[in-house]
Amino acid sequence: MVRDKSHMEQVERWANFIRENPDKWKKQHKKFIDAQIIMSRRFYDKLSKTKKGRKKIILLRDK
Amino acid sequence: MKREVSDKTILDEFVEDFVKVVERHCNYIVVSGFVAIAHGRSRGTEDIDMILEKLSLKDFDKLHVDLLKNGFECMQSGDSKVIYDYLINVTSVRYVREGEFLPEMEIKFAKDEIDYYQLATKVKLPLSGLDIWFSSIEMNIAFKEEYLKSDKDLEDARHLRIIYKDKFSEEEVNKIKKDIRRVRMNGKR
Numbered sequence: 001m002v003r004d005k006s007h008m009e010q011v012e013r014w015a016n017f018i019r020e021n022p023d024k025w026k027k028q029h030k031k032f033i034d035a036q037i038i039m040s041r042r043f044y045d046k047l048s049k050t051k052k053g054r055k056k057i058i059l060l061r062d063k
Numbered sequence: 064m065k066r067e068v069s070d071k072t073i074l075d076e077f078v079e080d081f082v083k084v085v086e087r088h089c090n091y092i093v094v095s096g097f098v099a100i101a102h103g104r105s106r107g108t109e110d111i112d113m114i115l116e117k118l119s120l121k122d123f124d125k126l127h128v129d130l131l132k133n134g135f136e137c138m139q140s141g142d143s144k145v146i147y148d149y150l151i152n153v154t155s156v157r158y159v160r161e162g163e164f165l166p167e168m169e170i171k172f173a174k175d176e177i178d179y180y181q182l183a184t185k186v187k188l189p190l191s192g193l194d195i196w197f198s199s200i201e202m203n204i205a206f207k208e209e210y211l212k213s214d215k216d217l218e219d220a221r222h223l224r225i226i227y228k229d230k231f232s233e234e235e236v237n238k239i240k241k242d243i244r245r246v247r248m249n250g251k252r
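Heads up: the protein sequence lines correspond to chains A and B, in order. For the first sequence, my numbering gives the first residue as 1, with consecutive numbering after it. For the second sequence, my numbering gives the first residue as 64, with consecutive numbering after it.
Think of the hints as simulated: they come from the structure by calculation, not from any bench. Just so you know, not all the hints are guaranteed correct.
Straight-line Cα separation of at most 30 Å, DSSO-like style, residue types lysine-lysine; simulated pairs [to be verified]:
id, chain 1, residue 1, chain 2, residue 2
1, A, K26, B, K71
2, B, K71, B, K121
3, A, K26, B, K83
4, A, K27, A, K46
5, B, K83, B, K125
6, A, K27, B, K117
7, B, K215, A, K27
8, B, K212, A, K56
9, B, K71, B, K215
10, A, K30, B, K117
11, B, K117, B, K228
12, B, K215, A, K26
13, B, K241, A, K55
14, B, K132, B, K212
Values in this document were obtained by computation on a predicted structure and should not be read as measured data.
Okay, chain A solo, but in the shape it has when bound:
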């Protein structure tokens, strides 16, 4: 899917928020970044317990 210009506008809006709010952005950012890692870990943990799961994970990483 080709990203439309509203996507870049959102990138710019958020970057400007960071510049203007040096004490506010980190808390929001931490939640967002950590949530992705936690969700992925949960999935990989499940996958690793399946047949050939660990092998699949290595294949996914070597994509």
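Fit chain B to the given chain A structure using the hints.
Quick look at chain B alone, frame taken from chain A:
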């Protein structure tokens, strides 16, 4: 602007712990996506890219053993000779915390004059709140705009341009872009 412990993300803590080991052995830089993410870019990543100066097998083995001692493992192999073969053949290898699948540190050896220039011009970036060596902002913008060019990379570059507005050299960005075209793209755009 040092980050409070509570502000640190899982990625920040992983990178800092990994760097504590690596810096005992060699020069390194963290490059690409994590540079933007450490400055607030709101996108996901599973791997952090690191370039190391080229090491001998003996020195790499010392680094590998130290990483193992500190709770990391390599996804490709436990044998430092096998891992070294990947690295000298310009293939990256991935380390994770033992028993975990992510995040992962994707490491490779410096392979050409561009990489050695990145290492020579490494910087600490206080705005990130992290005490680690990064490739310069100019280098990251140039690579993303001239070489990588995916939507994600162009957005990373735009993000860094806004965060570092009036604080980076456009002239240096252009010089690096020219070098990238010459060294990595056979002079083409």
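- Message: Going through the numbered hints above, which ones does this structure break? Give me the numbers in ascending order.
- Response: Checked against the structure, the hints that fail are numbers 2, 6, 10, 11, 13, 14, while the rest are satisfied.
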